[in-house]
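Protein chains in written order, with our numbering: chain D, 1 to 489; chain Y, 1 to 89.
Accuracy of the hints is not assured; some may be wrong.
[As the list claims (entries may be wrong)] Cross-link-like lysine-lysine pairs, in silico, DSSO-like; alpha carbons within 30 angstroms at most:
1) Y:71 <-> D:268
2) Y:40 <-> D:417
3) D:417 <-> Y:10
4) D:417 <-> D:268
5) D:28 <-> Y:2
6) D:268 <-> Y:10
7) D:28 <-> Y:10
8) D:366 <-> D:123
9) Y:10 <-> Y:71
10) D:268 <-> Y:40
[To be verified] Pairwise CB distance ranges (calculated):
11) Y:81 <-> D:477: 12 to 22 angstroms
12) D:25 <-> Y:66: 55 to 65 angstroms
13) Y:45 <-> D:237: 22 to 32 angstroms
14) Y:66 <-> D:131: 34 to 44 angstroms
These are calculated hints, taken from the structure and not from any lab test. Owing to the predicted nature of the structure, the values given are computational and were not obtained by experimental measurement. Even glycine gets a Cβ: it sits at the ideal position worked out from N, Cα and C.
The lines below spell out each chain.
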Amino acid sequence: MNAATLSFLSYTAILIAIGIWAYRIVEKVPINRYEEEFYAAGRGLGGIVVALIIAGGLASAGTFIAGPGMTYAYGYSWVLMNNFQIFMNLSLLAPIGIVVGIVARRVNAVTYLDLFRARYQSKAIIIILASMVTVFLLPYMATQFVGAARVIAQMTGLGYFTSLVFGSVVVLIYCVLGGMRGTSLATLLQGIVITVGCILLFVGTVSHAGGFRHSTEILAARDANFLSPTMGGMFRPPFAFSIACITGLFMVGMPHAMLGALTYKNTKALKKGIWMGGILVCIWTLLLCLSGVIGRSIMPDLAVPDEIAPWLAMHVMPEALGGIVLAGIVAGIQTTVAAMAIIITSSIAKNLLKELKPDVSSEKMKVASRLTMGVCLVIAMGLALLEPPLIQWIIFFSIGGLEAATFGPILLGMYWKRGNKWGALASISWGMIIYGLANTVFPEIGVWGTHPSLISVLSSIVVYVIVSLATPPPSGRIVQTFWGVSVSN
Amino acid sequence: MKFVEDPRIKEGRKSLALAWIYFFIYLTAILVLSYTLGIKPYLWGFPRWVAVGNIMVPIIFVIMLIFVVEKFIPDIPLTDDDKNPAGKE
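Only chain D is shown next, with the shape it has when bound in the complex (with noise of 0.2 angstroms):
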């Protein structure tokens, strides 16, 4: 066993005596505490963890594994890209933090369906939400693993499938266990591991490459291209602002990412959440993405530009520093996948399963969480299997589609008094049917050559606007809820 696979057993040994910890703490709580613990970990996160929760689930393989890889193919143009998403924290905890953070406690949600559960008290939403959540985000799920495995198959030498198996059933297990209290204590230790890797990945390469300037002028030689910022005239600004919209200003409407916003303990702990989560993802990104770039001129020509991190990781420095960067890539893929798995799980088992059945004890509910979380995490580890080549765009697709459904809804909803459930419900089926158009049979309503999810969310947003108009108003009720002084104040 080589020191690198050593450095990374260790990391997952501490990853499932964490997931057995909050398992036996969240045992311990009252059955009506339940979903509260096991969704949003009492909703006593503290700045650092929501920071982390929100940087972690939001910055995917699509960071990690396919930011370097995407520079590596497409030179300094894709590190322009990659930086609108420095603030993604910002993009999503100041917006709506608030507000939800407010409704949430009033009405006691601790699921993202929750919230549209009380703000348009419709049945149709949930369903068709909770279908949604599901499809978009099980294959982005799955290409998470199908990153995890390949880092962990370079670095350890083990078939793609056992990789696979390897990298996932750790999260299984503290997912599973541990719910929202497991992944948010795991997600400490995979933030720390994540920037040290991120930061010994790119002093090694740097050093190796022989400076910036030295990188930069073999890269010139082999093609000017690569020192563009439109990779001679590939990546145009259209298509530059639809990428910013979509991985910052629309991310208000990610699901995955709503968990910070639903588990902050107060504002301090949300200012926090804002300004670390900038700092993290800008080290993360920059750091990375300039790997991937420099990495090129070190390793010119690699068959997979995806691989070029784990490459670097076993290339470029010592074998046991090697792991920890390894370690740092996975854990930044397992964060994600917790945080889908839990949005997913509270989805189907509290918010789809109340909904059909109202009536269910909560421990029918507490067991249809564990079981529905397990089935989820290994339907996305047998879509997996599938072993897709180019994961970004696979990446890019479901944030779009998710996007263009919920953005509308959810930013609007927390906002606009007149909006009802008769506008959410066209928003999403409008964002839908366009979105699912320009991916198939009408790529050209991707105006000017954007990011056919910009066009999705704009139009879906007009339609909620005119649809909401053109139909009754909200009630009293809602309202009250959602925008009045309380009762008892």
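Since the structure of chain D is provided, determine the placement of chain Y on it from the hints.
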């Protein structure tokens, strides 16, 4: 009965405006500098647009964010019966 809006919602709206304004300023800065500065002369060994627009600008905005968030987002209670502004439980 006349509807009275919870004053904390106004703070939520202000935070929304703050986030979007901040993000758009960042977006404008990073895009304009990236597409106008050009490649040469290199700065710190990087193409000029990368060093200024994609290393300096993100770092400056991340540091500024600490002060902006702490100054402009107030500490408010999240529960209706909470008298502690920081919302400590």
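The hints, checked one at a time:
This hinted pair checks out: residue 71 of chain Y and residue 268 of chain D have alpha carbons roughly 12 angstroms apart, not beyond 30 angstroms. The suggested pairing of residue 40 of chain Y with residue 417 of chain D is violated, with an alpha-carbon distance near 53 angstroms, which exceeds 30 angstroms. At most 30 angstroms may separate the alpha-carbon atoms for a hinted pair to count; residue 417 of chain D and residue 10 of chain Y meet this at roughly 13 angstroms. Only pairs whose Cα atoms come within 30 angstroms are accepted, and residue 417 of chain D paired with residue 268 of chain D is accepted, the gap being roughly 27 angstroms.
Note on residue 28 of chain D and residue 2 of chain Y: the hinted pairing is violated, with a Cα-Cα distance of about 45 angstroms set against a maximum of 30 angstroms. Pair hint residue 268 of chain D plus residue 10 of chain Y holds up; C-alpha atoms about 18 angstroms apart against a cutoff of 30 angstroms. Restraint check for residue 28 of chain D and residue 10 of chain Y: the C-alpha separation of about 39 angstroms exceeds 30 angstroms, so the hint is violated. Restraint check for residue 366 of chain D and residue 123 of chain D: the C-alpha separation of about 22 angstroms stays at or below 30 angstroms, so the hint holds.
Simply put, residue 10 of chain Y and residue 71 of chain Y have alpha-carbon atoms about 16 angstroms apart, close enough for the 30 angstroms limit, and the pair holds. Proposed proximity of residue 268 of chain D and residue 40 of chain Y is contradicted: the alpha carbons are some 44 angstroms apart, above 30 angstroms. At about 20 angstroms, the CB distance of residue 81 of chain Y to residue 477 of chain D agrees with the hint of 12 to 22 angstroms. Residue 25 of chain D and residue 66 of chain Y have their C-beta atoms about 32 angstroms apart, which leaves the hinted 55 to 65 angstroms range violated.
In this structure, residue 45 of chain Y and residue 237 of chain D meet the distance hint of 22 to 32 angstroms, their C-beta atoms being roughly 26 angstroms apart. At about 40 angstroms, the beta-carbon gap between residue 66 of chain Y and residue 131 of chain D stays in the expected band of 34 to 44 angstroms.
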